[in-house]
Amino acid sequence: MQENLIKISFSLNGNAVETEVSPELTVLEMLRRNFRLTAAKEGCGKGECGACTVMLNEQPINSCIKLAATLNKADSLVSVEGLNEDKLMKNIQDAYVEEGAVQCGFCIPGMTITSHYLLKNNPNPDAHAIKQALSGNICRCTGYRKIEAAVKKAADRSSKS
Amino acid sequence: MSNVEFIKPTSLQDACEALMKPDYLAIAGGSDLIVKMRNGMYPNLKGLVDISGLPPLNTIRTDENAVIIGSGCTMNQIAKDQLIKDYFPALAKAASTVGALQIRNSATIGGNVANASPAGDTIPALFTLVADIMIIGCNGRRQIPIVEFFLSPGKTKLAPGEIIEGFKLLLRKTRGEFLKLGERRAHAISKINMAVSTWNDGKNHYRIAMGSVAPTVLRCREAEEYLESSEQLDDNTIARAAEIVSETAKPISDLRSTKAYRKQMAGVLLKRALQNLR
Ligand SMILES: Cc1cc2nc3c(=O)[nH]c(=O)nc-3n(C[C@H](O)[C@H](O)[C@H](O)COP(=O)(O)OP(=O)(O)OC[C@H]3O[C@@H](n4cnc5c(N)ncnc54)[C@H](O)[C@@H]3O)c2cc1C
Ligand code: FES
Ligand code: FES
Numbered sequence: 035m036q037e038n039l040i041k042i043s044f045s046l047n048g049n050a051v052e053t054e055v056s057p058e059l060t061v062l063e064m065l066r067r068n069f070r071l072t073a074a075k076e077g078c079g080k081g082e083c084g085a086c087t088v089m090l091n092e093q094p095i096n097s098c099i100k101l102a103a104t105l106n107k108a109d110s111l112v113s114v115e116g117l118n119e120d121k122l123m124k125n126i127q128d129a130y131v132e133e134g135a136v137q138c139g140f141c142i143p144g145m146t147i148t149s150h151y152l153l154k155n156n157p158n159p160d161a162h163a164i165k166q167a168l169s170g171n172i173c174r175c176t177g178y179r180k181i182e183a184a185v186k187k188a189a190d191r192s193s194k195s
Numbered sequence: 123m124s125n126v127e128f129i130k131p132t133s134l135q136d137a138c139e140a141l142m143k144p145d146y147l148a149i150a151g152g153s154d155l156i157v158k159m160r161n162g163m164y165p166n167l168k169g170l171v172d173i174s175g176l177p178p179l180n181t182i183r184t185d186e187n188a189v190i191i192g193s194g195c196t197m198n199q200i201a202k203d204q205l206i207k208d209y210f211p212a213l214a215k216a217a218s219t220v221g222a223l224q225i226r227n228s229a230t231i232g233g234n235v236a237n238a239s240p241a242g243d244t245i246p247a248l249f250t251l252v253a254d255i256m257i258i259g260c261n262g263r264r265q266i267p268i269v270e271f272f273l274s275p276g277k278t279k280l281a282p283g284e285i286i287e288g289f290k291l292l293l294r295k296t297r298g299e300f301l302k303l304g305e306r307r308a309h310a311i312s313k314i315n316m317a318v319s320t321w322n323d324g325k326n327h328y329r330i331a332m333g334s335v336a337p338t339v340l341r342c343r344e345a346e347e348y349l350e351s352s353e354q355l356d357d358n359t360i361a362r363a364a365e366i367v368s369e370t371a372k373p374i375s376d377l378r379s380t381k382a383y384r385k386q387m388a389g390v391l392l393k394r395a396l397q398n399l400r
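Protein chains in written order, with our numbering: chain A, 35 to 195; chain B, 123 to 400.
For reference, chain B alone in the conformation it holds in the complex (with noise of 0.2 Å):
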């Protein structure tokens, strides 16, 4: 028997009201949701605000030098995506490696962020896209660079009654690449994911961003600051790059695996997105 009010709201600005009130929480895909309210997080649970209707949260468009993913958009929709795939394949790797077929279907990018898990595949690749996050609340809007945007594994600067509209980044054509590790290939949580965006407007730039390696994603400006500064991009900078990101992870040992796998894995993965960025 249930008592949660379930609330459709038919305007972000009618969403945003209804998240005003203690204990109601906005659904989107309920891939994160469902499996945590059956897990019983969340018993004092009172309602329940379906976002996953609202239109413009939807599309992917542009405007003027930028592109707004709208936090609706599902992990297909970005993957599939012909802008995303040629502007930013860091984020459409990233997408695409979401769960399973079914799972991707579901899952959006607002729940992904949102949910601020520090195995949030999207969100290293939204760090190495410099992406600003698009707020909305009952107050008006406002957007905050994502590297500001999480305080801790589920805690974000999210104020009650905000949500998220949608991401805006940059139009500018990026390389990129995404890769992570799990238990095993189809929909594993990663143990540990590296996004690595480069793009070049006269002079080199690299982004480089890491999950699970600490309680929130990690930029990695030492090795970042390392590669712009490269001449080229030969076997040996590439190995002190992965031994500069080796030594930047601050990551824990848990039930998904163990710091010392995670530290070097950290280097082996840059090493192999490099290699194949190269």
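Extracted from the complex, chain A is given alone in its bound form (with noise of 0.2 Å):
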């Protein structure tokens, strides 16, 4: 049987990238196999987890139920390895750190990402906020009270900085 691929061009972490994908592949998929950026995670694989949230065109979504061959030239996708020189996605991943956030770690590429996009639009999140944010990312592991905090940390060091 013959695949058909499709070449889409889009921006990737701030570079204009190429590349060729079947169908069927998601955006998930294609960042992992094509270009080997792994932060994102499969959980689900059906919009339920977050744990494959990446950025569209500044806007939050899950990359598992997104297909690549969608993806135009003027589109913008920027995943957690795109954020690593961004000091605000340090802070976040700091104080996740600190607080003791993380433990299987499996979550947390979503989890930070998103933070991130929250406290970029909202630097002074409230406790309703910060919970409403997350509530598309799930980990199994902390029972997100930790999580909360290193949030919560994160704005308050850097409104003050």
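Just so you know, these hints were derived from the structure itself, not from any lab.
By construction, the Cβ of each residue, glycine as well, lies at the ideal position given by its N, Cα and C atoms.
Only part of the chain B face toward chain A is listed, based on derived beta-carbon distances under 10 Å:
| id | residue |
| --- | --- |
| 1 | Asn125 |
| 2 | Phe128 |
| 3 | Gly152 |
| 4 | Val157 |
| 5 | Arg160 |
| 6 | Asn161 |
| 7 | Asn198 |
| 8 | Gly221 |
| 9 | Ile225 |
Straight line, CA to CA, 30 Å or less: simulated DSSO-like cross-link-like pairs of lysine-lysine:
| id | chain 1 | residue 1 | chain 2 | residue 2 |
| --- | --- | --- | --- | --- |
| 10 | A | Lys107 | B | Lys158 |
| 11 | B | Lys215 | B | Lys381 |
| 12 | A | Lys154 | A | Lys187 |
| 13 | A | Lys75 | A | Lys107 |
| 14 | B | Lys277 | A | Lys80 |
| 15 | A | Lys41 | B | Lys158 |
| 16 | A | Lys180 | A | Lys80 |
| 17 | A | Lys107 | B | Lys130 |
| 18 | A | Lys165 | B | Lys158 |
Could you use the hints to bring the two separately framed chains together as a complex?
This is the structure in structure tokens:
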């Protein structure tokens, strides 16, 4: 059987890229296979857990339910790796570690990128806003309290600096 | 290995032509379709037609005395839109309850309606706002009132080659509420959902619709007429209206809930909605 490959180009972590994908390949699979960017993870593969969260045009999406072939030239995709030099992301990641909010770690790339989106758009979220923003990210280990505390700590620290 | 054809049309016309072929499906946000494909629900799928990149579908605009919401608008786009919030609060609220943040950035209103789930959250809201569905096909355009659009779960009046272009709502200020009950508060499919919209043009109008209580979304005319004929919205009126919707509901028992619970909750949701609108 001949495989149908589609050529796509878009911006990935700030760089213009091109790749070839089969019609049913998801953005998550593309990131992991074609680009070896493995921060985003497949937890459920059906939009329910948020472990695969990435930013598409500055909005968080579940990359497991977005087809890579639907990406367009004007699209900008950012994964956790693209935020390696980002000060706010560094602050968030440090706060997660300090608060003991990381156990097995599987949910953490999704948690931190969603936290980053939250703090970028709402630098001083209250407890409700934090819960609300992270409601699409499931963690099977921590019980969420420490994660919420980490986001609060990162927020307090960024607003001081 | 995949031998599905992937088509990126550059115009609505091309999209409609591609969708004339059997076993070709439109894909917008993909949040319903990809999950279903994964679950093996489309073993004969031959092609996907990506309508997400067609600009006319992605805007909310006014046209004389109507508002046209493009089918490709996402739930977050609708929930945040000031015009929608001011004029059609039931719809803004419904959109804001779909899934979690990440889902609302992908899920489109056109996909929600075309998917025709009895639990689709924007559908009751569009019922109460008396929306017309704007359809485009190879032979031109047509409009269908949303109350006539659904045939059964997953089945609509869309013919092969037709796509939903948008939703046309009269530019009229309404007040409204949308409430749903699910297993938990974050991104759960509704066990039951309800929209209420009301407006006054010299006389009070009410529209009430609920989902997941029948094979398709149900409009509750009796309760609407009762409210329109009532002098005021006092506790007794609300209690009676709640009884009426509870009687109107024809739910089934399924995985998500039982018949008795759904009937009772129909009344409870209407009571809460009307209290909030008082
Ligand atoms: C984790 C999760 C949580 C969810 N929570 C909710 C929820 O709380 N409430 C709710 O209502 N839904 C929910 N959904 C379902 C889904 O997200 C919505 O129904 C969404 O609005 C579908 O839109 P889409 O653009 O992703 O559709 P797609 O998946 O792209 O398409 C769905 C169907 O509609 C057709 N279609 C799409 N656009 C058009 C068009 N313009 N014209 C004709 N046909 C079209 C497609 O061919 C397909 O058959 C959830 C889904 C997931 C995965
Ligand atoms: S893997 Fe994408 S939401 Fe769970
Ligand atoms: S730390 Fe294990 S899932 Fe969150």
